[in-house]
Amino acid sequence: MIAAPRRFGRTLGNAVFLVFCWAATGVALIALAAILWSLLRQGIGGLDLKVFTMSTPAPGSEGGLLNAILGSIMMCTLAMIGAVIMGVLAGTWLSEYARNSRYGSVVRFLNDVLLSAPSILVGLFVYEIIVAPTKGFSGYAGAVALALLAVPVITRTTEDVLRLQPVALREASVALGAPVWRTILAVIWKAAQGGMLTGALLAFARISGETAPLLFTSLNNQFLNLNMSQPMANLPVVIFQFALSAYDDWRRLAWTGAMLIAVSVLAVTIIARLLAREPRRS
Amino acid sequence: MSEASSAIIEAGPARTARGAALDRIFEALCFSAATLLLAALGGIIVALAIGGWPAFAKFGFHFFTTATWDPVAEVYGALGAIVGTLVSSTLALLFALPLALGVAVFLVELCPNVLRRPIGTAVELLAGIPSIVYGMWGLFVFAPWFSKYIQMPAMMAAPVGSIWETLTAGVPNGAGILSASAILAIMILPFMAATLRELLLTVPSQVRESAYGLGSTTFEVMRKVSLPYVRTGAIGAVMLGLGRALGETMAVTFIIGNAHGLPTSIFASGSTIASTIANEFAEATGEMHTASLIALGLVLFVITFAVLALARLLIGRQAHA
Amino acid sequence: MIRKLTLALAAATLMLTACGQHSEGAKTGSQQGVQLSGAGSTFAGPIYAKWAEAQKAATGLALNYQAIGSGGGIKQIEASTVAFGATDKPLKSDDLDKNGLVQFPTVIGGVVPVANLPGVAPGQIKLTGPLLADIYLGKIKKWNDPALAAINAGAPLPNLPITVVHRSDGSGTTFLFTSYLTAVAPQWASVGASDSVAWPAGQGGKGNDGVAAYVKQTPGSIGYVEYAYAKQNNMTYALMQNADGQFVSPTAANFAAAAANADWSKAPGFYLLLLNQHGATAWPITGATFILMHKQQKDAATGQAVLRFFDWAYANGDAAADALAYVPLPDALKQQVRTSWGQITGPDEKPIYAGAH
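Residue numbers (the numbering used here), protein chains in the order written: chain A, 1 to 282; chain B, 1 to 321; chain C, 1 to 357.
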């Protein structure tokens with residue numbers, strides 16, 4: 001056939017392309033496997049009961065990551081409480097009251113900007129408005145910085161999931177005499193609760209791994225400290241400090257900490273995805 | 001200040017007065033939350049501008065054209081950090097885009113059905129790994145590997161005294177702009193792959209099927225049908241990936257080598273705006289030093305803002321970061 | 001189920017936070033469980049961490065010391081975000097007065113050039129000040145350069161390129177190192193001496209430990225660290241030529257020899273550099289590390305706790321300092337420091353230090 005060479009060229013090109021696609025996926029999977037493998041191999045070696053019962057040690061002494069783990073949990077939870085309140089309300093406003101307004105689209109765009117803003121700038125901002133005037137590093141400043149990072153995520157997912165709810169649902173509720181606020185609270189939010197929870201979990205996963213904003217806000221703490229108006233230890237900054245040191249015991253703890261963070265973030269992400277796929281309970 | 005005209009639902013006739021009052025309160029509450037969000041962002045910009053003003057005032061336009069970062073002589077130029085940021089992000093994009101496209105096409109067209117969800121989840125998991133973990137893995141696992149299999153052979157193979165020797169000069173421990181770009185590429189790969197996959201799924205199956213029916217190969221369907229269909233969205237996804245790479249701090253700080261000048265070889269060390277701030281802010285004692293770091297932050301914010309605005313223009317609201 | 005879990009977690013956090021608030025904060029002044037924050041020098045990081053650990057066990061006083069670099073220590077104490085700052089770059093008396101600060105030394109240590117040279121044992125290679133300056137200027141690029149081989153006859157210098165490692169953060173260790181180079185090598189004048197300089201060559205590591213980590217990982221590299229870091233990591237250090245022309249090794253005895261002739265009584269704010277001192281065994285890059293506190297404390301209890309910490313350290317911390325190759329201050333100097341604490345007052349302008357423990 002006249003087209004034979006051309007056909008050969010097309011087949012060859014296609015074959016190369018297919019191989020490339022398989023290879024690309026292979027590269028991504030290999031990268032994931034390599035990272036998880038390193039984490040497990042290096043991190044499990046240092047994993048023992050001490051990690052959960054003792055605070056961070058001076059170099060050469062025994063210790064664990066208790067203060068860092070507790071500090072991270074406390075700051076993240078406090079941040080999430082604030083972020084959920086603000087994010088859900090803002091997302092509700094964008095979906096229910098400002099779908100077509102000019103101001104709404106400005107807020108929407110700037111929310112996306114805040115979503116992608118470099119987290120270190122948020123840390124700088126919180127240093128300027130909280131740490132410097134109050135003259136102290138504190139867990140509260142760290143929580144505020146984390147909350148500022150979580151709010152845009154929750155706002156966005158809340159708005160997206162509320163938009164998906166059929167307008168008829170709202171109209172039915174209003175027709176039965178419920179005021180608008182009741183409609184939103186009892187009907188719309190309830191219908192969207194799965195999606196909103198997923199959004200909250202994803203925001204939590206994101207902020208629990210953030211280091212840069214905590215560098216200048218909560219600083220770090222060698223000892224166990226539950227007082228949030230003082231510097232608080234947290235896992236990411238401890239990992240940063242220990243990983244770059246030259247002491248072998250500190251580096252072991254850094255790997256263990258990294259493994260703990262990665263495992264918990266991945267677990268939360270998987271739970272969030274599973275929840276998102278669950279069929280709606282009637 | 002009633003937004004009722006753009007509210008999705010209006011209250012029915014059976015609403016009580018109390019209900020109406022609470023409605024107004026609730027709406028005000030939601031509105032304040034949204035405005036607070038706006039205020040926070042505005043606050044960040046204002047704080048950065050005020051903090052960085054002394055540096056802009058003193059150095060003027062030269063701040064953007066000088067690569068010297070000399071705390072002793074109090075001369076600060078942002079060029080090294082800006083170049084490092086742009087170079088590492090662009091290289092990361094160049095590495096990640098073809099791979100992301102490959103993964104997206106694989107998941108849409110080539111993957112056996114039973115593997116589709118696990119592989120898709122696996123790629124998304126890559127997105128969930130915190131950046132400090134990437135930093136550690138980059139420094140302790142990737143850098144030695146890079147040094148042993150890529151950097152050292154290249155340096156040894158370069159004939160002495162030639163242009164190749166200068167181009168491959170550098171610290172042989174695997175840290176530098178190229179390594180940082182590789183790690184960044186792995187970080188932004190999952191976002192772009194997920195977005196491109198969603199975009200490719202929007203191509204109507206009739207269009208694809210008819211192309212297949214005419215005898216096109218997969219490659220041709222991709223090249224001539226699917227990709228042009230999603231071109232705008234794809235570019236937007238690229239911009240989002242770029243935006244993420246620009247602001248990345250921890251993964252880069254570990255492995256970029258922290259040198260302030262302009263890169264002179266492919267294995268050179270450098271610094272990005274984010275890594276400079278992370279390294280130096282807590283201890284910048286001079287007023288000009290602190291102001292210069294905050295000014296750098298403002299520059300980064302402006303660059304990220306521009307990229308995001310461009311992405312928004314191109315894809316509207318579909319893609320997720 | 002998930003909602004219940006989330007609520008439970010939130011409730012637990014709130015309870016923990018509330019408990020934390022009621023527990024003794026740093027402001028209440030009771031010794032048991034008092035917590036202080038200090039930040040600064042990584043040069044002194046190891047010894048402060050050891051002292052903090054020992055004191056927590058012995059007296060319950062918890063000192064949270066964050067080694068963020070001397071520049072960080074100076075900045076944070078000027079911003080009053082910490083109770084004290086630690087720096088190896090001493091401030092001059094006009095700077096001290098401008099910020100209302102008081103300065104005193106705690107221990108003496110040495111800055112040591114370390115290298116990663118396969119096949120070379122610690123103390124096997126020798127360096128001089130001018131050669132070190134040339135290496136850091138990027139003029140000497142390979143280890144088997146004739147200039148290095150000339151003073152290292154017999155040492156197995158490998159044919160590796162020299163990778164220079166310096167500090168990426170603001171560092172008192174850098175201040176000591178660059179001040180020394182300025183004093184002994186005229187070619188270093190273009191770079192100057194400070195806690196943060198524009199390095200002509202090399203890569204930056206964060207903190208003393210970052211430099212040590214980089215050097216450990218990179219064959220053919222050279223860096224400068226405080227001696228405790230070199231010792232704790234078994235790094236290959238170099239002998240240096242001192243002002244008397246002798247090649248000496250970095251030991252506590254040689255650091256002490258450098259400090260032997262120092263006259264602290266004439267130094268306002270204890271500003272004294274121990275670089276390039278005369279003495280047959282004096283280590284040329286020796287320096288004291290200092291603490292900065294506000295002259296007028298906002299909270300008398302915090303100030304007292306800080307002084308109690310260092311008082312205890314002067315009295316009981318010498319053994320720990322020796323173990324890490326720091327040189328404890330001579331007793332006479334300790335007494336001078338205690339006397340100088342008399343100028344630190346509380347908000348009511350009364351001195352807060354009541355005398356030796």
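Worth flagging that the hints you see were computed from the coordinates, not collected in a lab. This one's a predicted model, so the numbers in the text were calculated from it and none came from an experiment. Hints may be right or wrong, so weigh each one.
Think about it this way: if two alpha-carbon atoms lie no more than 27 Å apart in a straight line, the pair counts; the simulated DSS-like pairs of lysine-lysine are [as the list claims (entries may be wrong)]:
id: 1; chain 1: B; residue 1: LYS58; chain 2: C; residue 2: LYS98
id: 2; chain 1: C; residue 1: LYS216; chain 2: C; residue 2: LYS92
id: 3; chain 1: A; residue 1: LYS135; chain 2: C; residue 2: LYS350
id: 4; chain 1: A; residue 1: LYS135; chain 2: C; residue 2: LYS298
id: 5; chain 1: B; residue 1: LYS148; chain 2: C; residue 2: LYS141
id: 6; chain 1: A; residue 1: LYS135; chain 2: C; residue 2: LYS295
id: 7; chain 1: C; residue 1: LYS231; chain 2: C; residue 2: LYS142
id: 8; chain 1: C; residue 1: LYS231; chain 2: C; residue 2: LYS56
id: 9; chain 1: C; residue 1: LYS295; chain 2: C; residue 2: LYS56
id: 10; chain 1: C; residue 1: LYS98; chain 2: C; residue 2: LYS295
id: 11; chain 1: C; residue 1: LYS142; chain 2: C; residue 2: LYS126
id: 12; chain 1: C; residue 1: LYS92; chain 2: C; residue 2: LYS141
id: 13; chain 1: B; residue 1: LYS148; chain 2: C; residue 2: LYS216
id: 14; chain 1: C; residue 1: LYS139; chain 2: C; residue 2: LYS216
id: 15; chain 1: C; residue 1: LYS231; chain 2: C; residue 2: LYS266
id: 16; chain 1: C; residue 1: LYS298; chain 2: C; residue 2: LYS92
id: 17; chain 1: C; residue 1: LYS216; chain 2: C; residue 2: LYS56
id: 18; chain 1: A; residue 1: LYS135; chain 2: C; residue 2: LYS98
id: 19; chain 1: C; residue 1: LYS350; chain 2: C; residue 2: LYS298
id: 20; chain 1: C; residue 1: LYS92; chain 2: A; residue 2: LYS135
id: 21; chain 1: C; residue 1: LYS142; chain 2: C; residue 2: LYS216
id: 22; chain 1: C; residue 1: LYS216; chain 2: A; residue 2: LYS135
id: 23; chain 1: A; residue 1: LYS50; chain 2: C; residue 2: LYS142
id: 24; chain 1: C; residue 1: LYS126; chain 2: C; residue 2: LYS266
id: 25; chain 1: C; residue 1: LYS350; chain 2: B; residue 2: LYS148
id: 26; chain 1: C; residue 1: LYS350; chain 2: C; residue 2: LYS139
Label-pair restraints from in silico Cβ distances [what the hints assert, rightly or not]:
id: 27; chain 1: B; residue 1: GLY60; chain 2: A; residue 2: TYR103; range: 50 to 58 Å
id: 28; chain 1: C; residue 1: ASN159; chain 2: A; residue 2: LEU40; range: 33 to 41 Å
id: 29; chain 1: C; residue 1: PRO268; chain 2: B; residue 2: THR66; range: 36 to 44 Å
id: 30; chain 1: B; residue 1: LEU115; chain 2: C; residue 2: GLY60; range: 55 to 63 Å
id: 31; chain 1: B; residue 1: ALA28; chain 2: A; residue 2: ASP48; range: 38 to 46 Å
id: 32; chain 1: B; residue 1: GLY60; chain 2: A; residue 2: THR53; range: 50 to 58 Å
id: 33; chain 1: C; residue 1: THR59; chain 2: A; residue 2: GLY26; range: 53 to 61 Å
id: 34; chain 1: B; residue 1: LEU38; chain 2: A; residue 2: PHE8; range: 55 to 63 Å
id: 35; chain 1: C; residue 1: ASN159; chain 2: B; residue 2: GLY60; range: 41 to 49 Å
Glycine residues also receive a C-beta, built at the ideal position from the N, C-alpha and C atoms.
Verification of the hints:
1. B/LYS58 / C/LYS98: holds (24 Å)
2. C/LYS216 / C/LYS92: Violated - the C-alpha atoms of C/LYS92 and C/LYS216 are around 35 Å apart, more than 27 Å.
3. A/LYS135 / C/LYS350: holds (23 Å)
4. A/LYS135 / C/LYS298: holds (11 Å)
5. B/LYS148 / C/LYS141: Since the Cα atoms of B/LYS148 and C/LYS141 sit roughly 21 Å apart, the hinted pair holds (cutoff 27 Å).
6. A/LYS135 / C/LYS295: Status holds; Cα separation ~17 Å.
7. C/LYS231 / C/LYS142: holds (25 Å)
8. C/LYS231 / C/LYS56: This hinted pair holds, its Cα atoms lying about 25 Å apart.
9. C/LYS295 / C/LYS56: holds (26 Å)
10. C/LYS98 / C/LYS295: Given that 27 Å is the threshold and the Cα spacing comes to 11 Å, the pair holds.
11. C/LYS142 / C/LYS126: Holds, at about 15 Å.
12. C/LYS92 / C/LYS141: violated (37 Å)
13. B/LYS148 / C/LYS216: With a Cα-Cα distance of about 16 Å, the restraint between B/LYS148 and C/LYS216 holds, given a limit of 27 Å.
14. C/LYS139 / C/LYS216: holds (23 Å)
15. C/LYS231 / C/LYS266: Since the Cα atoms of C/LYS231 and C/LYS266 sit roughly 33 Å apart, the hinted pair is violated (cutoff 27 Å).
16. C/LYS298 / C/LYS92: Status holds; Cα separation ~23 Å.
17. C/LYS216 / C/LYS56: violated (32 Å)
18. A/LYS135 / C/LYS98: holds (19 Å)
19. C/LYS350 / C/LYS298: holds (12 Å)
20. C/LYS92 / A/LYS135: holds (24 Å)
21. C/LYS142 / C/LYS216: holds (18 Å)
22. C/LYS216 / A/LYS135: Violated, because 38 Å separates the two Cα atoms, which is more than 27 Å.
23. A/LYS50 / C/LYS142: Distance ~46 Å between A/LYS50 and C/LYS142 Cα, so the pair is violated.
24. C/LYS126 / C/LYS266: Roughly 35 Å between the alpha carbons, so the hint for C/LYS126 and C/LYS266 is violated.
25. C/LYS350 / B/LYS148: Violated. C/LYS350 to B/LYS148 sits at ~64 Å, over the 27 Å cutoff.
26. C/LYS350 / C/LYS139: violated (56 Å)
27. B/GLY60 / A/TYR103: 50 to 58 Å: Taking Cβ atoms as reference, B/GLY60 and A/TYR103 lie about 36 Å apart, which means the hint is violated.
28. C/ASN159 / A/LEU40: 33 to 41 Å: holds (39 Å)
29. C/PRO268 / B/THR66: 36 to 44 Å: At roughly 38 Å between Cβ atoms, B/THR66 and C/PRO268 fall inside 36 to 44 Å, so the hint holds.
30. B/LEU115 / C/GLY60: 55 to 63 Å: holds (59 Å)
31. B/ALA28 / A/ASP48: 38 to 46 Å: 54 Å Cβ-Cβ, so the 38 to 46 Å window is violated.
32. B/GLY60 / A/THR53: 50 to 58 Å: The hint (50 to 58 Å, Cβ to Cβ) holds, given that B/GLY60 and A/THR53 are roughly 57 Å apart.
33. C/THR59 / A/GLY26: 53 to 61 Å: holds (59 Å)
34. B/LEU38 / A/PHE8: 55 to 63 Å: At roughly 60 Å between Cβ atoms, A/PHE8 and B/LEU38 fall inside 55 to 63 Å, so the hint holds.
35. C/ASN159 / B/GLY60: 41 to 49 Å: holds (48 Å)
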